[in-house]
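A.B. asks: Given the structure of chain A, go ahead and fit chain B onto it with the hints provided.
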Amino acid sequence: MIVVLAEHAQGVFKKKSLEAILYAAHIAKEMGTGVTAIAMGNVSESEMQGLGAYGAQRVLHTTDARLDNFNSKAYAKVVIAAAKKESAKVIVGLHDTTGKAVMPRVAARLQAGLVAGAVGYPTMSNGFTVKKTVFSGKAFAFVTVTSDTKVISLMPNTFPVVKGEGSATIETLDAGLSDADFSVKVLEVSKASGAIPLSEAELVVSGGRGMKGPENWYVLEDLAKELGAATACSRPVADSHWRPHGEHVGQTGGTIRPNLYIAVGISGAIQHLAGVNGSKTIVVINKDPEAPFFKAADYGVLGDAMEVIPKLTEAVKKYKASQN
Amino acid sequence: MKILVCISQVPDTTAKIAFTDNNTAFNTQGVTYIINPYDEWYALVRALELKESGAATAVHLVTVGKADVEPVIRKALALGGDEAIRIDTDSNDPYQVAAQIAEYAKAHNYDLVLCGKESIDYNNGSVGAMVAELLDMNFLGFASKIDVAGTTVTVNREIDGGEETNACDLPLVISCQKGVAEARIPNMRGIMAARTKPLTVVAGAAVANVSSVTSYEMPAPKSGVKMISADNMDELVQLLHSEAKVI
Numbered sequence: 008m009i010v011v012l013a014e015h016a017q018g019v020f021k022k023k024s025l026e027a028i029l030y031a032a033h034i035a036k037e038m039g040t041g042v043t044a045i046a047m048g049n050v051s052e053s054e055m056q057g058l059g060a061y062g063a064q065r066v067l068h069t070t071d072a073r074l075d076n077f078n079s080k081a082y083a084k085v086v087i088a089a090a091k092k093e094s095a096k097v098i099v100g101l102h103d104t105t106g107k108a109v110m111p112r113v114a115a116r117l118q119a120g121l122v123a124g125a126v127g128y129p130t131m132s133n134g135f136t137v138k139k140t141v142f143s144g145k146a147f148a149f150v151t152v153t154s155d156t157k158v159i160s161l162m163p164n165t166f167p168v169v170k171g172e173g174s175a176t177i178e179t180l181d182a183g184l185s186d187a188d189f190s191v192k193v194l195e196v197s198k199a200s201g202a203i204p205l206s207e208a209e210l211v212v213s214g215g216r217g218m219k220g221p222e223n224w225y226v227l228e229d230l231a232k233e234l235g236a237a238t239a240c241s242r243p244v245a246d247s248h249w250r251p252h253g254e255h256v257g258q259t260g261g262t263i264r265p266n267l268y269i270a271v272g273i274s275g276a277i278q279h280l281a282g283v284n285g286s287k288t289i290v291v292i293n294k295d296p297e298a299p300f301f302k303a304a305d306y307g308v309l310g311d312a313m314e315v316i317p318k319l320t321e322a323v324k325k326y327k328a329s330q331n
Numbered sequence: 179m180k181i182l183v184c185i186s187q188v189p190d191t192t193a194k195i196a197f198t199d200n201n202t203a204f205n206t207q208g209v210t211y212i213i214n215p216y217d218e219w220y221a222l223v224r225a226l227e228l229k230e231s232g233a234a235t236a237v238h239l240v241t242v243g244k245a246d247v248e249p250v251i252r253k254a255l256a257l258g259g260d261e262a263i264r265i266d267t268d269s270n271d272p273y274q275v276a277a278q279i280a281e282y283a284k285a286h287n288y289d290l291v292l293c294g295k296e297s298i299d300y301n302n303g304s305v306g307a308m309v310a311e312l313l314d315m316n317f318l319g320f321a322s323k324i325d326v327a328g329t330t331v332t333v334n335r336e337i338d339g340g341e342e343t344n345a346c347d348l349p350l351v352i353s354c355q356k357g358v359a360e361a362r363i364p365n366m367r368g369i370m371a372a373r374t375k376p377l378t379v380v381a382g383a384a385v386a387n388v389s390s391v392t393s394y395e396m397p398a399p400k401s402g403v404k405m406i407s408a409d410n411m412d413e414l415v416q417l418l419h420s421e422a423k424v425i
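Chains A and B are the protein sequences, given in the same order. First residue of the first sequence? That's 8 in our numbering, and the numbers climb one at a time after it. First residue of the second sequence? That's 179 in our numbering, and the numbers climb one at a time after it.
One chain only, chain A, in its complex shape:
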């Protein structure tokens, strides 16, 4: 069997977890086995059954309400219990803040090789090899796992999410959790409500020093709102506190792989490119024709952000109206 950690937010499975289940189903098909999803905490039966439409035959559900707060020790224990119950050969999670804390724990406990941040399906013709990004997106590496059990954390937004047919059966899993597994106290949780988390966003509008100051950001926010995009920024912008650090993308900030990355007033230093060059389409808007970012772009617009962006926002508005 292949087991997959399925993350949910307030009882709704995240799109990237559906992607992880589809990914596992692809591997399972090749290996001639099935997929069991792992769900934790407060989530409805119908929501869990719905994972069947993405390739999970079964859902193991650990109901402990303490799991509603993220805890790497307890989560890892549940994943390990599920893997053991299913005699899992491959364990799949996501390369996000949850998976980056849980999957290494699982791998270490089982002495299993880990591919952290996979961007391809495993090839199994000669060993078990998975492609991942290295050097912050400047290159790829092929990692060969030699242990019997394999652990993979999938880079979100690598594969499309397509809903199929089917319904999963549900079984309760007792992972043997104890108080000692919950010794991290949660004092406060603040989740951005409504806003799209940058790591999951399919469309991203990003600004650099060329925006001249935080007071000009409204034009980017208007465009992002019209597109349904998240906002990001370059390092100098975060360092100058024009924008929160969470929005910083680049080698020393976040790495993102959206379908569309619109870079406004960002020259395109190699460190910045490292964080965004996994984007499927890059649009660069800059008034400096020598900006190196143009070389890495699919589409370029030469012009001042404060003039170009409102025009682009209008064009998006017009396009959307024509679609309705």
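Just to be clear, a hint being listed does not mean it is correct.
[Stated by the list, open to error] With the C-beta cut set under 10 Å, the calculated list includes, among others, these residues of chain B facing chain A:
id: 1; residue: D199
id: 2; residue: W219
id: 3; residue: P272
id: 4; residue: E296
id: 5; residue: G340
id: 6; residue: N344
id: 7; residue: S407
id: 8; residue: D409
[Claimed, not checked] Over 12 Å on every C-beta distance to chain B, these chain A residues come out as not near it, computed from the model:
id: 9; residue: T40
id: 10; residue: A60
id: 11; residue: A83
id: 12; residue: R116
id: 13; residue: I177
id: 14; residue: E222
id: 15; residue: N331
In short, the hints are calculated from the structure, not lab data. None of these values were measured; they are calculated from a predicted model. From the three backbone atoms N, C-alpha and C, an ideal C-beta is built for every residue, glycine too.
C.D. replies: Below, chain B without anything else, positioned relative to chain A:
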């Protein structure tokens, strides 16, 4: 409180990334190495601050690698820290690296293990959580603020889609990112002092590799930028829809 800071050596952020031996090895020619920025700017500097404030009694640095990583660990000692340990094993398997660090840490009773959120070469971000599991400790990843009062640590950290404030008793492993501390520049006194600080080399424990990088690939080059007039944003939107198919 004894702190162990995990230090990794990585190619400089501006290093040209290229491969040799039929794309099976990283081309080190002309590459300068630095302390992994997350380890240096955040984990190490916060550990030093905790010692300066009296919360920590000792700050030790550990790295896993062959003798060629010593200049970088000396650079780390120039920023501060009492002593360094180099575990004499070379591997790009995160489990191997974590098992070596855990083995050493287990024998030397550290209360707090700090590392960067990931290294900028292999981007696994796995070693910290693996060390925590192997030491049976709690792990708090992606910390942006760390405070210690007695044996209780308060940490602000990034979680999926938000931020959380946690309290946890020592011992504990924390991975650090922006916000934890401000980068420092070593001064002449630090550089001089680093030369004579103890750097102990210990043999690696017998741990099997469970993964290895077998080859590398460069991303396909972009086919070239299509320039669009600033007065024709309708065309850009059309192209994003019909050609790029992203909206």
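A.B. asks: Please list, smallest to largest, the hint numbers that this structure does not respect.
C.D. replies: 1, 11 and 12
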